[in-house]
Amino acid sequence: MSVLAVPRRASLIGWIGSTDHKRIGVRVGTYAFGFFLLSGAFALVMRTELARPGLQIVSENTYNELFTMHGSGMFFLVMAPLALALGIYFVPLQIGASDIAWPRLALIGDWLIPLGGLTMFSGFLTDHGAAKDGWTAFAPLSDISRSPGYGMDLWIFGGILATAGVMLLAISVLTTIIRFRAPGMTMLRLPVFTWSMIATCLLVIASFPALIVALSLLFVDRHFSGVYEGASGPVLYQHLFWFYGHPVVYVIFFPFIGAVAEVVAVFSRRRFFGYHALVLSLLVFAALSMSVWAHHMFATGRVTNQYFSLTSTILLVPAGVEYFDLIGTMIGGSILLSTAMLFAVGFIVLFLIGGLTGIIVASPPLDYHVHDTFFVVGHFHYTIFAGSLFGFFAAVYYWYPKVTGRMLREGLGKLQFLLYFVGANLTFFPMLVSGYEGMPRRVADYENIHDLSLMNMLSTIGAFTIALGTLVFLWNLRVSSRTPVPAGNDPWEGHTLEWWTTSPPPPHNFDSLPPVRSYTPLYDRRLGET
Amino acid sequence: MKVALPFVAWATLLTVLAAVLWVWSSDHVPPAIFTAAAAVAWCVGLYALFHRFPRALRRAPDLSLGSALVAAAITMLLVGLLVGEWLLLIGGGALLICLVCVARELRADRRVQ
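Protein chains in written order, with this note's numbering: chain A, 1 to 530; chain B, 1 to 113.
Do not rely on the hints blindly, as some may be mistaken.
Chain A is faced by these chain B residues, among others (derived, beta-carbon under 8 Å) [claimed, not checked]:
{"no.": "1", "residue": "V40"}
{"no.": "2", "residue": "A41"}
{"no.": "3", "residue": "P61"}
{"no.": "4", "residue": "S64"}
{"no.": "5", "residue": "L65"}
{"no.": "6", "residue": "A68"}
{"no.": "7", "residue": "L78"}
{"no.": "8", "residue": "V79"}
{"no.": "9", "residue": "A103"}
Hints listed in this document are in silico derivations from the structure and should not be mistaken for laboratory results. Every value quoted in this text rests on a predicted model; they were computed, and no experiment measured them. Where a beta carbon is used, it is the ideal one built from N, C-alpha and C, also for glycine.
From just these sequences and the hints, can you work out the full model?
Written out as C-alpha cells, the structure reads:
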C-alpha cells in the first residue's frame, strides 16, 4: 500500500517530473504516437518512390536513410514503448495498486525514450546524414569506413537510450505486479492483460541487454578496435542483435494479445475462455521466443539450423492455444461489434497471416528462397502493423474512455477500421507476392519483370489508404476533445478492476476496492447482483 | 499459486532450452548468450522468491524533477562522446546534481515514514 503526496497544480515542471504512473503512461503513449506519425510519413515517401519502376522521388542515399529510420523508429520508439505505455498505465489499475514500484526509475525510463528518439533522428542534421544501414545495422556495413559520419553514431546512442528506457519501464511494471497486488489478487486471479505484461517484461529484461551490448560494441568497433572484424565478427553481431531482434517482436505482440483478450471477453459478454491455458501458453511462448533468434541467420550458414527451425516451429503450439482461447471466448458469447471488437477481430485475422507466413521463413530451405526479399517485409508487417497495431487500436478504443473520461466516436472508429483493414491487406499482401517473385528488400528501384510494377503500385495505394485511416483517427481524437461525450466509470461493463474507479482515475487510483475472488472481479459482482 | 512459481518456472525453462543448445551447437557464442539471459531470468525468479511485501503505508512521490533530468544528463553524456569534452562535462555535472537531488528526495521520503 502507498499514499501519494498532495497532488500539485498542473505545470510544465509537473508535466515533466510527475511520477504518477498514469501520467507516465500517457506521456510515453503520446510521444510514441508522435514517432509513429513521423516514421509512417517516411514509409509514405518510400512507397511513393516504389510506386513505379524508374521513379526518382528521393535519392538512393535518402531512400536508405528513410527505410533505416522508419524501421528503427517503429521498433525502438513506437511499438515497444506503446506496449510498455499500456502496461505502466493499466497494470496498477488492474491489480488494485495505488501506484507503481520504483516510480523514479520509471520516470527516467520514460524520458530516455524520447531523448533517444531525438538523438537518433538528429542524424539527419549531420554532414553524412542519418544512419542508412537498415534498422539492423549489420556489421561490417555499419563500420566507420562503410558508414562514415556522426549519423550512425547518433543512431547507436539513440538505440541504446531508447532500449534502456523500455527496460526501466519493464522493471517497474514487473516489480509492481510482484509486490503491489491488492488483497485477494493472487497470481491466478491476475487479469489476462496483466499476465501478458508479465511475459512482456520478462522478455524485455532478459533479451534487451543483448542489444545494448551489441550497440556499445559497435561504437567501440567503429572508433577504437575491430570487435566485429574477421569471419566471425559479423556473425557475433548478428547473434547479439537478433537475440534482441526476435524477442522484441513478441514484446510488441504479447501486450496487444492481452488487450485483445480483454476486449474479446468484454464484448462477448462472458468470462475469458481457457484462462489457465492462456497463462501457461504465454509463459511457454515467451520462453520459446527467446530460443528462436538465429532463424534470422539461416542464410549465414553459421547456425544450428535444426535447433532454431525446431524451436521456431514449436512456437505454433502456444500460439494455437491462444487463438483457440480467443475464438472459444467468442463462441456462445453475445458479441457486440464495437470498434474495439472490430480491431480485435482484425488483429486475430491479420496476425494469423503473419504467423502462417512465419512458418515459411522458419524452414531453412524455404527461407533461403525468400531471404532478404519483400516476402520477409510483408511477413513482419503482417505481424507488426496488421497484427500488433490493430491490437493497439483495439486497446485505444477500449481504454480511451477510462483514460480521458470521454468516448471516441464509434462511426469514425469503424471508418478507420475499414480503411486500416483494406489498406493493410492492400499494402502487405502484394509484398508477399513480389518477394516470392524475387524482389529484394531495401532497394530504391527495380526492374519491371513479372508483375512487380502492379504489386508495388497496389502496395503504394494501400499505404495511402492506411494514412487516410490515421487521419480519421486524429479527427476522431479532435471531435472527442471538442465535443466530449462523457464515458462514465464503466461504459463497456468491464470485467477487471480498472473499471471500478472513476474515469479518469484519481491520483491514488482507488477510493475503495471490491472483493477479488477471480480474474474477473467486476463480472462476478455483476453476476451476484443479478 | 506462490508468486515466485511462474518466474522460477520460466527461468528453468530457459535454462533447459539453453542446455539443449549447448549440446546441439558447435559454436559457443549462441548458447553463451542464451545462458546469460537464463541467468537474468533466475535473478528475477530469486527476487520474486525472496521479496517482502511492503507492510506499512509507503509514501510515494508525485514529482521528481531530478529523476527526469537524469535521463537528459545521460543523453548529454553519451552525445558528448561525439560532440566534445564540453558536453561531457556539462552532462557529468548535470548527472551529479540530479543524483544528489534524487538522494535528497529519498532521504526526505524516509524521514516522513
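Each hint, compared with the structure:
1. With 8 Å as the threshold, the beta carbon of V40(B) comes within range of chain A, its nearest partner Cβ sitting at about 5 Å, so the hint holds.
2. The criterion of a C-beta within 8 Å of any C-beta in chain A is met by A41(B), whose closest approach is roughly 5 Å, and the hint holds.
3. With its C-beta approaching chain A no nearer than about 5 Å, P61(B) sits inside the 8 Å limit, and its interface hint holds.
4. Annotation: interface hint on S64(B) holds; nearest CB of chain A at approximately 5 Å, less than 8 Å.
5. For L65(B), the suggested interface contact is upheld, since its CB lies about 4 Å from the closest CB of chain A, less than 8 Å.
6. Taking 8 Å as the C-beta contact cut-off toward chain A, the hint placing A68(B) at the interface holds, the least distance being around 5 Å.
7. The closest approach between the C-beta of L78(B) and any C-beta of chain A is roughly 5 Å, which is under the 8 Å cut-off, so the hint is satisfied.
8. Given hint, V79(B) at the interface with chain A, holds; its Cβ is 6 Å from that chain's nearest Cβ, closer than 8 Å.
9. Against a cut-off of 8 Å between C-beta atoms, the interface hint on A103(B) is violated, since the closest Cβ of chain A lies about 11 Å away.
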